[in-house]
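Take the sequence shown: its position 169, counting from 1, is numbered 169 in full-length UniProt numbering, and each next residue is one higher.
Take the hints with a grain of salt, since some may be wrong.
Stated by the list, open to error - Here are the simulated distance ranges between beta carbons:
hint	residue 1	residue 2	range
1	Ser64	Gly169	36 to 46 Å
2	Ser55	Gly79	30 to 40 Å
3	Glu113	Thr42	27 to 37 Å
4	Gln71	Pro39	12 to 22 Å
5	Gln61	Pro154	17 to 27 Å
6	Gln61	Arg29	20 to 30 Å
7	Gly169	Lys95	32 to 42 Å
It is worth saying that the hints were derived from the structure and are not from the lab. We treat Cβ as the ideally placed atom computed from N, Cα and C, and that holds for glycine.
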Amino acid sequence: MFIFLDNEASSLSAGSYPIEIAWVWETGRSESFLIRPEPDWTDWSEEAEALHGLSRDALMQEGSAAATVAQRFLTATEGCRIVTDAPAFDRGWLKTLCGVLGKAEPAVHPVLEAWVEALRSAHREMSAAEDATLLAQVRALEERRTSRRHRALPDALELWRVWKDLRDGVS
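Construct the complete structure from the given sequences, taking the supplied hints into account.
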């Protein structure tokens, strides 16, 4: 089963950390958490705050403890294939989050893998040329997906909706 993941972070720098995480199962069920920064998580970007609209003060007041969020994430996603549109960034943020528990982050894969698999299941037998055409269609869908809201749940839901539409044969 795929899990569609998105994170928002304190910045895009090497010292950044996750401040919001959301995931969506294939069924469309979802979970989302604001994450209260750990005491040694000090990196902060005003530009990132302007994009996602989450202040450090709001996270300190409304966020859940990082350890609580990490445990819920690891439990909820166990045995699932986690996909995202930014694997390199999300891998790093999951490493930071799961590191609070002293645990390794799970593997993260490009969402294109889920989208291609959805297309293949909708079109059972394909030639190599048809496969290449479908992959080009998936890439075109990704390029058109410009409605990023820079909040974790709407962004994770958008990844899932594209997958669902491809699986259901909606173009």
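Legend entry - Numbered hints the structure breaks, given as an ascending list: none
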